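**Q** Now for the letters of each chain:
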Amino acid sequence: MNAAVAEMQDGNQTAGDKQPLVEIRGLSKTYSRGKQKLEVLHHIDLDIARGDFFALMGPSGSGKTTLLNLIGGLDSPSDGSLTVDGKRIDKMGENQLARWRAGNVGFVFQFYNLMPALTAQKNVELPLLLTKLSASQRKKNAGIALQLVGLSDRASHKPSELSGGQQQRVAIARAIVSDPTLLVCDEPTGDLDRQSAEEVLTLLQRLNREHGKTIVMVTHDPKAAEYASHTLHLDKGTLVEQQHTA
Amino acid sequence: MKYFNLVWSALFRHKTRAVFTLISIIAAFLLFGLLNAVRVAFTSGSDSLAGNERLVVASRFSIMTGLPESLKARIAAIPGVQGVGHENWFGGVYQDPKNFVFSFAVDEDYLGTNPDILLTPEQRQAFAQTQDGALIGETLAKRYNWKVGQKIPLQSTIFPRKNGDKTWPFTIVGIYKTSKDAPNGSDQMFFLHWKYFDEANMYSSHEVGWYVVKLNSPEDADKIAQSIDALSANSDHETKTQTANAFNASFAKQIGNIGLIVEAIMAAVFFTLILLTGNTMAQAVRERIPELAVLKTIGFSDRSVLALVLAEAVLLLVIGGVIGMAIASVLAPALAKGSGGMIQLPPIGWVIWAEGAALMVVIGVVVGVLPALRGMRLKIVDALAGR
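So the sequences go chain by chain: Y and U.
Residues in the first sequence are numbered from 1 upward in steps of one, following this note's numbering.
Residues in the second sequence are numbered from 1 upward in steps of one, following this note's numbering.
One chain only, chain U, in its complex shape:
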């Protein structure tokens, strides 16, 4: 710590240059924080314990291709299956297209297959007894200030009603909570009755989007998945069955390999940062060669000079990195709130912070090592003589 003053003063010797360099570091780590939050948002739900206890049965060809409702009873009859429910994508918006609502038409058994949705018996009963009833997540209710008993007109972006009207009236019958391990966004769902949806929509087909199968034991997942797929083999509705975790992951991949995209962007950002900061450090040390020579003259060892310059580079990265990550931590929830739930960014957790801290140190060392070696190797007599 006794060298801190020396390192700090060297760092801010040229204030303007230091500030501009810091801004570039802040921007890089702000991006790092936000993009990692995006990556986590897309991959969350693909590694939960509950996700291995459930199977998702969808069309082998596309998630947009429906499956016959009659399949439900045949899946339920397979040994090891505890329960079967199904979902359809509804694609609802509220009042304005930008107010997107994650809405699904579900059957009465679906809620039993999803352990992340926490409902009271009264809420279940109210949902079962109300044809146009809707169950909504706590966060969704807060966003639009919706209350139980309220009538909500929701427009479907895909399914008009039989009269051609795209606006569907619903009555909120329950506001559910979610388990603490629930995937990101689980508290933003809007569930409506599949029966109501199927009977009232213009394209009524008695088909379901996909089935959710709850298992007695996750160890049987592979065997049961094969049995389920065997039910539809060589038919016009062949299925692909996978765990809910695998399904979520493959769903995210339909948008793109988010992890790879994030890594590619970050690689470009940090490569540029290394060049920029490395150049700044090299210039800063080049200007201070006589000062480093004086330090060596008064007794600082070669290693001390090396450590001082490296510490300067790492400190620069840590200051900029921490500020950038802190801004990202504040900005991620603000973006989620500002987008009205369209963007679901999880909080920047300790894992991202730890990765960020490691990057700050590594980049600091990378950009500092050449100038530090130059400082370490300088010959006092030559440096003092300006050679």
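Okay, chain Y solo, but in the shape it has when bound:
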């Protein structure tokens, strides 16, 4: 066991000396299937500092996506505590979590998950519908987000009229339009060719380095993980290794 993993298990690990944005202590997640209980995550301790770019790696079924869902407030832990930006999100109810997600987290999925009937512009505006911004302000902010991902000229296109890489960039624009602190990305390059994957990863890296977004990304691809500043390896629901890559 290397020093990083030992540090994790002591519960003191942080990526550098930055103030932790995400503090995970003794986090476990158990699913019930009939009478059978399946523990997917075992007593995870982890700190993610503000401005970090973490890649979560591990074999299928290791609990990467479960951990990501917990960090993003999509699911609730069975045990342990999960604090994000000083707020105990493991204590929040469904509606509270929904409000918290709207203001604090941006999500990027493997298959983009855009609304097929809406244009790129309207897809990006979706999170802003939950704010009190005027229609013109929503449009303006969505325009800025699309500009940031290099798709201003595709604003009026529907997802079916865009390539996979472009769709993922629209999804990233949707994730950042409400200026969240944290971006959670579940295999964002899993459905893309190498070139599009590199474009997307470069964009995420830029958002991390230039705009200070804290990013947690699940990936199977070691090349994708190289874009992150830290790589965590999970196996059978336990953190087994941490690498500082940048």
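Treat the hints as calculated values from the structure; they're not laboratory data.
Just to be clear, a hint being listed does not mean it is correct.
[Stated by the list, open to error] From the structure, some residues in chain U lie toward chain Y, with a derived Cβ separation under 7 Å: (1) Lys2; (2) Glu291; (3) Val294; (4) Thr297; (5) Ser301; (6) Val381.
[Said to hold, decoys possible] Anything over 12 Å on all C-beta distances counts as not near chain U; from chain Y, calculated: (7) Asp85; (8) Ala155; (9) Thr202; (10) Arg209; (11) Glu226; (12) Ser229; (13) His233.
Keep in mind it's a predicted model, so treat the numbers as computed, not measured.
Think of the CB as a built atom: it goes at the ideal place given N, C-alpha and C, for glycine as much as any other residue.
Fit chain U to the given chain Y structure using the hints.
**A** Relative to chain Y, chain U alone:
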């Protein structure tokens, strides 16, 4: 309103399916509009104020059974009676059997008992002085372009003249207007002299179809009705006296309980619509579970998702319903015109529109509630994983 785009795009995500569903909704509300117009047409005249100030005295056994003319003077003598007139069904058609004319043989006092018929003194005098004279309603005159002074041959479907000829010649002596509260179809009547009819028809019997009695006060209606019926008690022409409103209602019921028929048809139509639209909504939402999960992921609350799906269902019903009712609004007068007056459909008024709007919302909620609950209750993690 900021969610309208989202609801609208979801609604027309599958254009073909949405259009076919809309067509079924349009058809249902078109029927709703037209059938309600039919119901109103049959029940109008059964709730007017003037209808409570008049009594109709008909045979107790059947409206087709005549009453003796001699009864008129005895009814007029009852205290509280202001005037008495009588009518006979003539059953006229003009040139072709499909050109049906609502024609009645009336005595000289009848017009005084009917406040819905507005006549000038000159028209009254002309009618009184012309044996084959006829008074016709404005709409009837327009339909056949009839003018005052014109000779009109009208065929009776029941009563031939003494020479066996069913064609009766009439001279139009006046075109009357109707009061604004007149029952539907009042402006389509054709009035001829009862005396002329009684003397010239092959079955002359000196009998009248029914009496119309105008009262000094509607409050005396019950008491006077009993007095009138008492005049013929235990005779071979016993009468049944009721207000004009009640008479109109019972006349309509001879055709059938139109309200019940309309309700039964509409219940079947809307039941089918609920099944059809409910299935469409369920399918549409089932296909969009991952999209709803994404909405919840980015911060839409459970209630927001519930409201979005319900709004989608209600919007679908409102679009189809409004189009259907609008078509019915245009079609009802067109049908009346096209039928040459045989079908008398009143305009689709605000009451029918209000009932229709309420139905659109209720059906929208009914068909949307189960899919909406499913959307509301979905677990994001499971939905995104396709479980």
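**Q** Now tell me if each hint is right for this structure.
**A** Going down the list of hints, with the structure as the test:
1. Lys2: holds, 6 Å
2. Glu291: holds, 6 Å
3. Val294: Cβ of U/Val294 sits 5 Å from chain Y, so the hint holds.
4. Thr297: holds, 5 Å
5. Ser301: Hint holds; U/Ser301 Cβ to chain Y Cβ min 5 Å, cut 7 Å.
6. Val381: Holds. Min distance 5 Å.
7. Asp85: The claim holds: Y/Asp85 sits with its nearest Cβ about 16 Å from chain U, beyond 12 Å.
8. Ala155: holds, 14 Å
9. Thr202: Its Cβ never comes within 12 Å of chain U, the nearest being 24 Å, so this holds.
10. Arg209: holds, 24 Å
11. Glu226: Holds, because the least Cβ-Cβ distance between Y/Glu226 and chain U comes to about 26 Å, which exceeds 12 Å.
12. Ser229: At roughly 25 Å from the nearest Cβ of chain U, Y/Ser229 sits farther out than 12 Å, so the non-interface label holds.
13. His233: Fine: 22 Å to the nearest Cβ keeps Y/His233 off the interface.
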